[in-house]
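Student: Going down the list, the protein sequences come from chains A and B. When you read off a place in the first sequence, starting at 1, and then add 14, the result is the number in our numbering. When you read off a place in the second sequence, starting at 1, and then add 14, the result is the number in our numbering.
Hints should not be assumed to be uniformly reliable.
Remember, identical chains collapse to one label, so a pair may be satisfied in a single copy or spanning two.
As the list claims (entries may be wrong) - Dumping the calculated DSS-like pairs for lysine-lysine here, alpha-carbon to alpha-carbon at most 27 Å: (1) Lys78 x Lys57; (2) Lys342 x Lys251; (3) Lys53 x Lys36; (4) Lys251 x Lys325; (5) Lys342 x Lys359; (6) Lys196 x Lys396; (7) Lys196 x Lys53; (8) Lys408 x Lys396; (9) Lys359 x Lys386; (10) Lys356 x Lys342; (11) Lys52 x Lys196; (12) Lys210 x Lys258; (13) Lys52 x Lys36; (14) Lys68 x Lys196; (15) Lys196 x Lys36; (16) Lys75 x Lys36.
Hints were generated in silico from the structure; no laboratory data involved.
Listed below, chain by chain, are the residues.
There are 2 protein chains.
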Amino acid sequence: MGKNNKKRGDFMNNFTYDIGTKIHFGTDALDYIGEEAKKYADKILLTYGGGSIKKNGVYDKVIKELEGAGIEVFELSGIQPNPRIDSVREGVRILKENGIGAILAVGGGSTIDASKFMAAGACADFDPWKFISEKRPMSPAIPLLSVLTMAATGSEMDCGGVITNPETKEKLSSGHADTRPKVSFLNPELTYTVSKFQTAAGSADILSHIFETYFNIDGTMFMLDRIMEALMKTVIKYGPIAIKDPENYEARANLMWASSWAINDFISDSSQAAWTVHPIEHELSAFYDITHGLGLAILTPRWMEYCLSEKTVHKFVDLGVNVFDLDKDQEPMEIARQTIEKVKKFFFEDLGLDSNLRKVGIDERHFDEMSKKACGKAGVKKGFIDLRPEDVKKIYEMCLED
Amino acid sequence: MGKNNKKRGDFMNNFTYDIGTKIHFGTDALDYIGEEAKKYADKILLTYGGGSIKKNGVYDKVIKELEGAGIEVFELSGIQPNPRIDSVREGVRILKENGIGAILAVGGGSTIDASKFMAAGACADFDPWKFISEKRPMSPAIPLLSVLTMAATGSEMDCGGVITNPETKEKLSSGHADTRPKVSFLNPELTYTVSKFQTAAGSADILSHIFETYFNIDGTMFMLDRIMEALMKTVIKYGPIAIKDPENYEARANLMWASSWAINDFISDSSQAAWTVHPIEHELSAFYDITHGLGLAILTPRWMEYCLSEKTVHKFVDLGVNVFDLDKDQEPMEIARQTIEKVKKFFFEDLGLDSNLRKVGIDERHFDEMSKKACGKAGVKKGFIDLRPEDVKKIYEMCLED
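Chain A extracted, bound-state conformation (with noise of 0.2 Å):
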């Protein structure tokens, strides 16, 4: 870190940490939804996604948990990944036409992200996507509780949420602290169904949320430095053993804890926290619908293979140092390329999921737009380096082949 004496304003921003989820967290963590629950409302909207919950017996439990407290349930399900703006119309309108105070979302990221829309939504006398379009703030909101069934976007104890419009093949993220969830149900063994292929993702995206805090100029503090390592170490060991022991308690748990924190504000108190691999990902998935988790594992090692450079290479030298165990005595430029390659070997054969772009079906016919898009109004995306249109083609371009 440098010369001693340093002032804040050289390397640590000034931060309000208020992370105020409440987190049932273990085998028994659904028998607190109906004390939790009435905390909040007399009526609630269960939302969640493709009916598997029906099949797996998570459905009944809930219902038997609100109805037991004495709340009236609603219901929307068929919220799809990366969920679209329309059915947070639809949830916004039962809020309205019914009076209902709270939102029990049961799924992954994409339920719980749609929910958090339709929280602001309800109290909100315009169209939800204004709050993407016009960047309305999502405040005030009707209280969020969720039931995790995936560990992957952290949306269980964040404020954030993304929401994709297929009418302007835009997906964008926006949130508020009152739309983080109040309380969270966390029980591992609800992820033992989660297929091969969506925990890979999942592992994927997880990583990908403390990169993009962890890759970062300014704004380091130590201790959260090493915390990002540690939450990283546990995403790399457990990744693996979920995918081919589904049913390893050990693993699912300490992925789905590691899933809320790599994302929750903690980590990145102290920093920008600029991100820059998520939203050039977001046009990958919003022009061709592709999993989240994969587009990240496939950008990732590009992006970082780009943004290596002298002024950058301490920070891969400190990931391949204390996370994948490289020998510190080596040059450090030499450290940070075994370091790439190591993330690589990570995605690609660890978590098995696909290296490149044309092996999920996308060639280049579409980067110029998604570049710009990427990019935003501004021209250029801050973060870690800055990147214009231009930079991210050319992390597309490299996307596309080994």
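Guided by the hints, dock chain B onto chain A, whose structure is given.
Tutor: Here is chain B on its own, set in the frame of chain A:
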């Protein structure tokens, strides 16, 4: 962690995570006092220690903030290190007589700990020592806020407090979710004036809090073990820097934030975390009024030596390899011995603390009584390894010489 398909009960407890303390961290932290305090009460009791805050401007700043928000301020000063139940009684009297709605504690762990007992005492119709002697629950309690001036006990973000009764020579702890501070204001600059000795003792205290949870046979969670190691590395790096260079913001900030996370319940969530070194130390400071962190530093390596066995060696290996960078290819027992030497070097050389009890004027005359008291009425202190009075006495004896 051994074989896959372990079930929950074998190694990881279900838990509820619920840490609602809001933290304003950084050079501007105290600017938020007024707006936060007025959310809780119109009359506030300001508690503090020996008046150093009047010399360094903190007192004036706090008063300006509170009065600027239209809050009526009452005061209780003179709260001592190893705070006594008498201060609590006095605080409760002031709170009750004036119908005061909240407390702002300004100081280190002693002031904040004593204020927790006052916060609960204000809602009780019995003498506050009964929170200890009769284990009466410290709930309900009026809201507590804190301004931290020393990084050590973590009281700014946890539920518990320690209180001393000079009449009975007892120093004991209690706590409740209701006594966890609602808001804490952490400006690392306020710790610039903490003496070298107190900085060393505070660093030892933080490290001991982590050890108490880390050295655990049951209930470990890989992710949390790695996070504990991240926190330990932080203390080991920055304790000595803060001693040499008291106005090093980076060092003070890392120590301060680590102090909160060492004990706010996050790292102990999955485990039983039965503490043993702290109760053994509490007898030292109850009988001799020595500085808590100094007592912990002297006791810890002896306790480690006493606990080391084939059954426990793996934790020492983890600590040595992951924190002290020891060569992992050695025999486990050899790594463990080197680990304990590293711990001694840290406490007694890097932090410069006295290395045995004789150096601080303590001999064996009270060891029998202290050993019995440390084990409580049950006659055994359960923890990493269970300790009976004869075990505790041996540990005290090991502390007499280097």
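Student: Work down the list of hints and note, for each, if the structure agrees.
Tutor: Here is what the structure says about each hint:
Proximity of Lys78 and Lys57 under a CA criterion of 27 Å is satisfied intra-copy only: 14 Å inside one chain copy versus 45 Å between copies. For the identical chains of this complex, Lys342 and Lys251 are neighbours both inside a copy (21 Å) and across copies (18 Å), given an alpha-carbon limit of 27 Å. For the homomeric pair Lys53 and Lys36, the shortest alpha-carbon distances inside one copy (13 Å) and between copies (21 Å) are both at most 27 Å. For the identical chains of this complex, Lys251 and Lys325 are inter-copy neighbours only, at 24 Å across copies versus 30 Å inside a copy, given an alpha-carbon limit of 27 Å.
In this homomeric assembly, Lys342 and Lys359 come within 27 Å of each other (Cα to Cα) both inside a single copy, at 20 Å, and across copies, at 24 Å. Taking the shortest Cα distances, Lys196 and Lys396 never come within 27 Å of each other, neither inside one copy (31 Å) nor across copies (35 Å). Taking the shortest Cα distances, Lys196 and Lys53 sit within 27 Å of each other both inside one copy (11 Å) and across copies (20 Å). For the homomeric pair Lys408 and Lys396, the shortest alpha-carbon distance inside one copy (16 Å) is at most 27 Å, but the shortest distance between copies (60 Å) is not.
Taking the closest pair of Cα atoms, Lys359 and Lys386 never come within 27 Å of each other, the shortest separation being 30 Å inside a single copy and 56 Å across copies. Taking identical chains as interchangeable, the C-alpha atoms of Lys356 and Lys342 lie at most 27 Å apart whether they share a chain (15 Å) or sit on different chains (21 Å). Taking the closest pair of Cα atoms, Lys52 and Lys196 come within 27 Å of each other both inside a single copy (12 Å) and across two copies (23 Å). Only within a single protomer do Lys210 and Lys258 lie at most 27 Å apart by alpha-carbon distance; the minimum there is 8 Å, versus 52 Å between protomers.
Within a single copy, Lys52 and Lys36 get their C-alpha atoms as close as 15 Å, and across copies as close as 25 Å, so both meet the 27 Å cut-off. For the homomeric pair Lys68 and Lys196, the shortest alpha-carbon distance inside one copy (24 Å) is at most 27 Å, but the shortest distance between copies (40 Å) is not. Taking the shortest Cα distances, Lys196 and Lys36 sit within 27 Å of each other both inside one copy (6 Å) and across copies (15 Å). Within a single copy, Lys75 and Lys36 get their C-alpha atoms as close as 20 Å, which meets the 27 Å cut-off; across copies the closest is 33 Å, which misses it.
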